[in-house]
Structure formats: C-alpha cells, structure tokens
Amino acid sequence: MTCVLLLHQIPPSPTYFRAKILRKLNQLGACPIKNSAYLLPETQEQVEDFQWVRTEIEHEGGEAWLFRVEALGGVTDEGLKEAFRRLRSPDYQHLLDSGAELLQSARESEGDAGNSLYPALKKLKRRFEEIRRIDFFDAPERRELEDIMKTIETTLGETVRANPAKPELTNLSGKTWVTRRGVKVDRIATAWLIRRFADPAARFQFIDPAGQTAAPAGIRFDMFEGEFTHEGDLCTFEVLLRHLRLADPALAAIAQMVHDIDLKTDKHELPETSGFAAMIEGITALHSEDEARIAEGSRVLNAMHAALGAAAKG
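Numbered as in my numbering, the sequence shown ends at 314 without a single skipped number.
No lab work stands behind these hints, which were simulated from the structure alone. We treat Cβ as the ideally placed atom computed from N, Cα and C, and that holds for glycine. It is possible that some hints are incorrect.
Stated by the list, open to error - Dumping the calculated DSS-like pairs for lysine-lysine here, alpha-carbon to alpha-carbon at most 30 Å:
| id | residue 1 | residue 2 |
| --- | --- | --- |
| 1 | LYS122 | LYS150 |
| 2 | LYS24 | LYS34 |
| 3 | LYS175 | LYS122 |
To be verified - Label-pair ranges, simulated between beta-carbon atoms:
| id | residue 1 | residue 2 | range |
| --- | --- | --- | --- |
| 4 | PRO271 | ARG181 | 30 to 40 Å |
| 5 | SER109 | GLU58 | 18 to 28 Å |
| 6 | ASP233 | GLU129 | 18 to 28 Å |
| 7 | VAL47 | ALA312 | 36 to 46 Å |
| 8 | GLU58 | ASN115 | 47 to 57 Å |
| 9 | LYS313 | GLY74 | 40 to 50 Å |
Sequences are here, hints too, so could you generate the full structure?
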C-alpha cells in the first residue's frame, strides 16, 4: 500500500495556527502516526491536499515535507487500513446515534408531522457524505448507517425516492450513468458491465455527492438512493447483473470476486480473487482519473471474462 507522508514543524506563534492545521488534517482524513507526522493514501487528490497544507504551513514560517512511502516498519497494509477505519468509526457512531433518534421520531410521527423531520434527515445525509469522502477503506459502521437512513426515508413515506424504479435496460444507447468519484472495484466492474452488456455507448459522470443539492440527471449506480446500488448482501455489480438476467458462468464468477473484494469477505473464495484484487489495486494506484481506471479495469475484466468463459467450457 502506497501512502503520502506529511512531516511538519509549526512555529510557536501565532498560537492558533497549530490548532488550525490539526483541524484541517482531520478534515482531510489524515492518519496521525507520530507527533507532526500524518499519512494519506496516495492518490492525486490526497497528494494535492497535503501540498496545500504544506504551502499553508510554509506561508506561516513553518516547514513541511512530503514523502512517498510504500511500507512502515512493523505495520502491515491491513493494519494501516484498519487504522484509517478506526479514525472514521467515532464519526459514524455519532451519526448512528443521531440516526437512531431520528428513526424513533419518524416512527412516532403521525400524518404531516413527519414533514418537520426532513431537514434533519437531509443534514444527516450531508454529514454522511462528508465522512464517506474520507472513509478510504470502508469502516464497518458505514453500511449500518446507510441502512438506518434508508429505513428513515421509508418510514417517512419516501419509499419511491429511497428505492427508485429501475429503468428498463433494453435498447439503451448513450445514456448518462452517474456514480461517485474515486471508482474502485465495484464501480469499475459495474461500469464495464454497463458498456459491455447494457449500453455500449454509455457516458459516465463522476460526482461528489456531498456537493449535490439535487438528484443528478442520469442513471445512478453505487451511490446512496441510486437506481442500482447495494441491496442487502449484494454489491452493485451483483444487483445490475441480476437485473440484466444474463446466464453467463464467467459473469457469475466475476460477480463473486467483486463481492468478496468490495465487501471484504471470503464468502466465495475463488482462486482468482486475490490476483484480480491486486490488479484493481494497482490500477487505482496508477490512475487518479476515473475514466482511466475504468478503461484499464475493463481491459482486465475482458481478459478475465474470456479466461473464465473458456474454463467453463472445459
């Protein structure tokens, strides 16, 4: 796992400046490893974030250095990922507590009284998107919070908005498909599935949900309130594949691999999963642009689909 390391020395005055930098680092999701030493996963966005922090420190007379690191002594990649997850757990737990209170109020509301709870729900969702943006390795509380928000919406009578009708996937041509920025295994694989089997001329739009004031135009996937997103124990790729009704053993195997990688489980344990996961991780490390990730991932998936198809035929 490759990270970017920030080391800094901040002058003693002005006294507020150290607290300001600490607050900024917390907002970026940086993981403290020692006093004045912080880590972020190496992506173009995170490197730029640290570059801005360095510039701000130097502007106030301090010093800051950035380093690319591939290993920390005595810390495994999984241990480092778990450290990032632990940083987000208190944030999610605070929202889980707020969500539980809001759900109780929704269940106790009658008639139009529930309308007064919509602003609180909107605030909860906005804060959730802010946290998810810096939840780099999917803290376990995230799915629990998503479930609570969906239950609140259903309880308030927003079932249609919480579970929008899925569009017909026949005769599609050049539709706009919308998902979150920073695509990883589930969104890369789903984008490949869309272009290969549903909409060859599909256009993809990548957004920051926290900055959206209205639902984006297009077919949304792998995002909260999307037409195609996680359902129960199914990842987005599995949901879309089921809707396409494709009887293809190779696609079924790919779905199992995506499931285990995305949900961090060993439910299926296919022998190809670890290699596929390594390739996707390499693609996301090499490419910061989402279209490039999808293009490279699609080449891998085309080869994987051909190999699995040949194996299925014996």
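Hints that the structure is at odds with (numbers, increasing): 5
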